[in-house]
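Peer 1: Using the sequences and the hints, build the whole thing.
Number of protein chains: 2
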Amino acid sequence: MPELRKDPITGRWVIIATERAKRPTDYAKEPVVIEGGKFCPFCYGNEEKTPPEIMAYRSNGTPPNTPGWNLRVVPNKFPALGIEGELERAGEGMFDRISGIGAHEVIIESPDHDATLAQLSEKRVEDVLWSYRDRIVDLKKDPRFRYVLIFKNHGAAAGASLEHSHTQLIALPIVPKRVREEVDSSKQYYQMKERCIFCDIIRQERQSAVRVIAEDDVFLTLAPYAPRFPFEAWILPKQHSAAFEEASVPQFERLAAALKTLLQRVDSVLDRPAYNFVLHTTPMREDTELYFHWHLEFMPKLTKVAGFEWGTGFYINPTPPEVSAQALRDTQLPA
Amino acid sequence: MPELRKDPITGRWVIIATERAKRPTDYAKEPVVIEGGKFCPFCYGNEEKTPPEIMAYRSNGTPPNTPGWNLRVVPNKFPALGIEGELERAGEGMFDRISGIGAHEVIIESPDHDATLAQLSEKRVEDVLWSYRDRIVDLKKDPRFRYVLIFKNHGAAAGASLEHSHTQLIALPIVPKRVREEVDSSKQYYQMKERCIFCDIIRQERQSAVRVIAEDDVFLTLAPYAPRFPFEAWILPKQHSAAFEEASVPQFERLAAALKTLLQRVDSVLDRPAYNFVLHTTPMREDTELYFHWHLEFMPKLTKVAGFEWGTGFYINPTPPEVSAQALRDTQLPA
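Chains as they are written, first to last, in the working numbering: chain A, -2 to 332; chain B, -2 to 332.
Hint data in this document are derived by calculation from the structure and do not stem from the laboratory.
Mixed in with the good hints, there may be bad ones.
Identical copies carry no separate label here, and so any pair may be met within one copy or between two of them.
Computed cross-link-like contacts, EDC-like style, restricted to lysine to aspartate or glutamate with a CA-CA straight-line distance of at most 16 Å [what the hints assert, rightly or not]:
no.	residue 1	residue 2
1	K35	E160
2	K138	E242
3	K184	D197
4	K174	D93
5	K74	E178
6	K3	D93
7	K120	D139
8	K120	E243
9	K235	E123
10	K120	E250
11	K3	E89
12	K184	E283
Peer 2: Shown next as structure tokens:
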């Protein structure tokens, strides 16, 4: 018998197929393959093909917009929003709009065209996480912004238009709907219980253990109870904290290990699928410290999403999280 | 300058590209082509390849599960939910679940394998709409259900696994999240203004006219102010009504014309794209009559949806609704 399950944070119901469940091997394997061989604006020597860099990590004192960097952040060449201008809020009868002010940046994760994020060393993955933090901290100073979205598309099927590994960032004058819902819902929960809903989930999941993918002293990686997608996974800090950008040095170290390990597990079980991940940190200029809990949401691209998901916010997930968690937990990691 | 726009019903913000806007011709044309030639369980003579029919429209007195029908409704052979059993609600610590009870049906819209819904006669499209109504009315009697979702996937890119034109139906023991949001939000608006938010939108859109695609005395077809997708379109009854299934005979006639015309316009402007549509009618066993307003949401499948849309509920739409509405409005319909 299939089951309907409710996500405790957003209230979304999903159908989980528990009987005719799809196991990892039931998904068509379409590994993301880095082909190379074409001109790439993210490679060494092509620095002038991107807009001038916003920041870079360089260990050798090379000047901006030249080779020698380990990580590079540049404006998106085709930005969805414009960085210049006044933020104008206006009505149009009963409708509301804001001028399209925002930042749209690209984090080039490494000079190595062929390495995926999963293949970078832990130290380099940590650099990527530090760059997220540095950009959030910098963009927070701009009073026009309310949220910085960090998201990664890996593989064409997941929306990546360039194969050289990169992450995107959008700074927005509004809080996106799903983050708004999480913040509002966790606030409501806190008002009712005086506890963080994410902390409660962490406590329960550690106890039952069936949806735990990995755990160390700092982070918990789990398959959520009511996932929208097969093999959806979340990484949460075990200690309560609303802002990713306020994590400590040891936390960044451990998060790099947790993220790299999750990506390796997924590559091993699902044969290098396309994927997306999104960082949910606190909105700016809101005091969410008591009740919000930052986390990273990871979604491999295994199934075609049909129309009624869009029109209804209702999902059918053919792989129970207990099955995906076990497969990811049990897989052998490369030495 | 791009614009951020807020959907007045759900509160969702979207980025609308107003300058480097994509016009209809900018989208890769991938017309849905009916190839035929393969075995099809929805064609005449193969009635025993589907589960026994739930109902059929037959004008010639032929017996069930034999050829001669104009429209046929059958259970989905691989249902996401099971129709038999008790509805059990249970907790699992802080989590909530319900046994996966529901109906999952397929409406085979016509015996003609090659005809798309846009190509059926108005009379046949009207039959399809009547079948939606008949199934909703029947399933409403089952006290276990709270919602009947009617949705259509057209073309493989939009999630259709069989090319013979059909619609799907899922009856659920819960109200899907997006419908829940629409109902709750329109209720809130009503409490504030004593008016239906959809009626207000209809009034304003008719006045400004820039997003109107088509209008007759009964229905308005428009591009919504803050569409998630390029060429998204809604069809709304101009007279306030919460329940699709309570529409009148003349309304069904006119809706058939409005829907067929919209599909023809889309086929003409976008060269027969894959698409989805979803019917939003009132939940069962809730008195929404004063504030909810049923409608149909249509979304062609033109862009790849990347990860951050999933993780954030935030959309970038490269075609302003004023541009899509004008293109659809101005296209020449087949005589």
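Peer 1: All hints are to be evaluated individually against the structure, with a verdict given for each.
Peer 2: Hints, one by one, checked against the model:
1. With identical chains, the CA atoms of K35 and E160 are at most 16 Å apart within one copy only, with a shortest distance of 10 Å there and 37 Å across copies.
2. Taking CA atoms no more than 16 Å apart as the test, K138 paired with E242 passes inside one copy only; the shortest distance there is 13 Å, against 53 Å between copies.
3. In the homo-oligomer, the alpha carbons of K184 and D197 lie at most 16 Å apart inside one protomer (13 Å), although the nearest pairing across protomers, at 32 Å, exceeds that limit.
4. In the homo-oligomer, the alpha carbons of K174 and D93 lie at most 16 Å apart inside one protomer (15 Å), although the nearest pairing across protomers, at 23 Å, exceeds that limit.
5. Taking CA atoms no more than 16 Å apart as the test, K74 paired with E178 passes in neither setting, with 31 Å inside one copy and 36 Å between copies.
6. In the homo-oligomer, the alpha carbons of K3 and D93 lie at most 16 Å apart only across protomers (6 Å), although the nearest pairing inside one protomer, at 32 Å, exceeds that limit.
7. When the C-alpha separation of K120 and D139 is checked against a cutoff of 16 Å, the pair qualifies neither within a copy, at 30 Å, nor between copies, at 58 Å.
8. Taking CA atoms no more than 16 Å apart as the test, K120 paired with E243 passes in neither setting, with 19 Å inside one copy and 63 Å between copies.
9. Neither within a single protomer nor between protomers do K235 and E123 lie at most 16 Å apart by alpha-carbon distance, with minima of 18 Å and 56 Å respectively.
10. Proximity of K120 to E250 under the C-alpha cut-off of 16 Å is restricted to the intra-copy arrangement: shortest distance 8 Å within a copy versus 66 Å between copies.
11. For the homomeric pair K3 and E89, the shortest alpha-carbon distance between copies (11 Å) is at most 16 Å, but the shortest distance inside one copy (37 Å) is not.
12. For the homomeric pair K184 and E283, the shortest alpha-carbon distance inside one copy (12 Å) is at most 16 Å, but the shortest distance between copies (27 Å) is not.
In summary, the numbered hints that this structure violates are 5, 7, 8 and 9.
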